[in-house]
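**Q** First to last, the sequence lines map onto chains W and E. Here numbering that gives the first Met the number 0 is used: position 98 in the first sequence is 97, and no number is missing along the way. Here numbering that gives the first Met the number 0 is used: position 136 in the second sequence is 135, and no number is missing along the way.
In short, the hints are calculated from the structure, not lab data. It should be emphasised that the depicted structure is a prediction, and the values quoted were computed from it without experimental measurement. Incorrect hints may appear among the rest.
[Stated by the list, open to error] In silico contact screen, one side only, chain E against chain W (beta carbon under 8 Å); selected entries: (1) V70; (2) G90; (3) T91; (4) N96.
[What the hints assert, rightly or not] A few chain E residues that face chain W, going by a derived Cβ cut-off under 10 Å, partial list only: (5) L20; (6) T23; (7) Q59; (8) T60; (9) F89; (10) G103.
For each residue, glycine too, the CB sits at the ideal point set by N, CA and C.
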Amino acid sequence: MIELYVLLAAMLVAALVAIQIKDLLAAAVALGIVGFSVAIMFILLQAPDLAIVQIVIETLTVVFFAAVILRTTNTDTTIANGLKRDLVFPTVAYVTFGVVFLIFVGRALAELPSFGSPTMLVAREYIALGLEKTGAANVVASIILDFRGYDTLGEATVLFTAVVGVLTIMRRTGRKEQNSEERG
Amino acid sequence: MRGMSSIVQVIARLLAGMLFLYGTYIVMHGHLTPGGGFAGGVLIAAAFILISLAFGSVEQTERSSYTLSSVVESLGGVMFLSLALVGYLFGTFFFSNALTYYIGKPLQLISGGIILPANIAIGVKVGAGLYAIFLALGASRFVMKD
Numbered sequence: 000m001i002e003l004y005v006l007l008a009a010m011l012v013a014a015l016v017a018i019q020i021k022d023l024l025a026a027a028v029a030l031g032i033v034g035f036s037v038a039i040m041f042i043l044l045q046a047p048d049l050a051i052v053q054i055v056i057e058t059l060t061v062v063f064f065a066a067v068i069l070r071t072t073n074t075d076t077t078i079a080n081g082l083k084r085d086l087v088f089p090t091v092a093y094v095t096f097g098v099v100f101l102i103f104v105g106r107a108l109a110e111l112p113s114f115g116s117p118t119m120l121v122a123r124e125y126i127a128l129g130l131e132k133t134g135a136a137n138v139v140a141s142i143i144l145d146f147r148g149y150d151t152l153g154e155a156t157v158l159f160t161a162v163v164g165v166l167t168i169m170r171r172t173g174r175k176e177q178n179s180e181e182r183g
Numbered sequence: 000m001r002g003m004s005s006i007v008q009v010i011a012r013l014l015a016g017m018l019f020l021y022g023t024y025i026v027m028h029g030h031l032t033p034g035g036g037f038a039g040g041v042l043i044a045a046a047f048i049l050i051s052l053a054f055g056s057v058e059q060t061e062r063s064s065y066t067l068s069s070v071v072e073s074l075g076g077v078m079f080l081s082l083a084l085v086g087y088l089f090g091t092f093f094f095s096n097a098l099t100y101y102i103g104k105p106l107q108l109i110s111g112g113i114i115l116p117a118n119i120a121i122g123v124k125v126g127a128g129l130y131a132i133f134l135a136l137g138a139s140r141f142v143m144k145d
């Protein structure tokens, strides 16, 4: 279990580095560290199929970022040097809220069964009671459309968003001409 | 979009009906056999895509089927959401499968409560959505022309 916490700490550091560093290529590498740590966590948590997807996606993302950065610019000009005065209060407020939140979450999570054990506690119920409770012979269908209907609703929303995105980008009506936009 | 040669057109005419039928079968039997709305919807969209690739289409038809498929896609989403609300009619929670105790016996086609209609809704949504994406991307040359 200790390696998970080491990974989590590394991810936190890498995420902060990715936000704050001026060299964009280093930021992309830091982002890659976060993604590959997630992949390693999936492997440690015995979810190899998720780990495969995560590795593929992360590699693609880092390569894509690197390609874009190598072709354009390497420095981030939006990051200011030194500590700004008006950032002090928000930082203190966020840290205070975070500590309070973590205290309450720690209390709440102490009630749950310990992390990763027992596996299959929920799945066992689904498999045993699937036919009886939903009347569907296909266990997968009884899970995705009955027990975990919310997940499927989210999936359908993802597809809907993808369709809306494509149709918005590729739409034929309501698109202004380049010239008329310039004229205002 | 231009059509393809007559060999492709004959084969596509034979295959498209079977593809559509198989997609419908997978959607309808989602609660009994592997598959369901997502897989079947993709097959249904494939039948439409095959037809429009093989036979081509003029811009006017593409515009109207583009509008129609995006409307049907939204209708599928609304249908799925309203099926989720059925639970409220029976005094239970959102997405509860209350119908299953009233309709049909397990292992029959009409069974599983809202699972069958939900599969149909998802199938409609996925099929129409993918076809709309295909039309938007495949026919995008008309965007430049407008």
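**Q** Would you mind marking each hint as holding or not holding in the structure?
**A** Here is what the structure says about each hint:
| no. | hint | result |
| --- | --- | --- |
| 1 | V70 | 11 Å, violated |
| 2 | G90 | 17 Å, violated |
| 3 | T91 | 12 Å, violated |
| 4 | N96 | 5 Å, holds |
| 5 | L20 | 20 Å, violated |
| 6 | T23 | 16 Å, violated |
| 7 | Q59 | 12 Å, violated |
| 8 | T60 | 14 Å, violated |
| 9 | F89 | 14 Å, violated |
| 10 | G103 | 7 Å, holds |
The structure fails to meet hints 1, 2, 3, 5, 6, 7, 8 and 9 from the earlier list, while all remaining hints are met.
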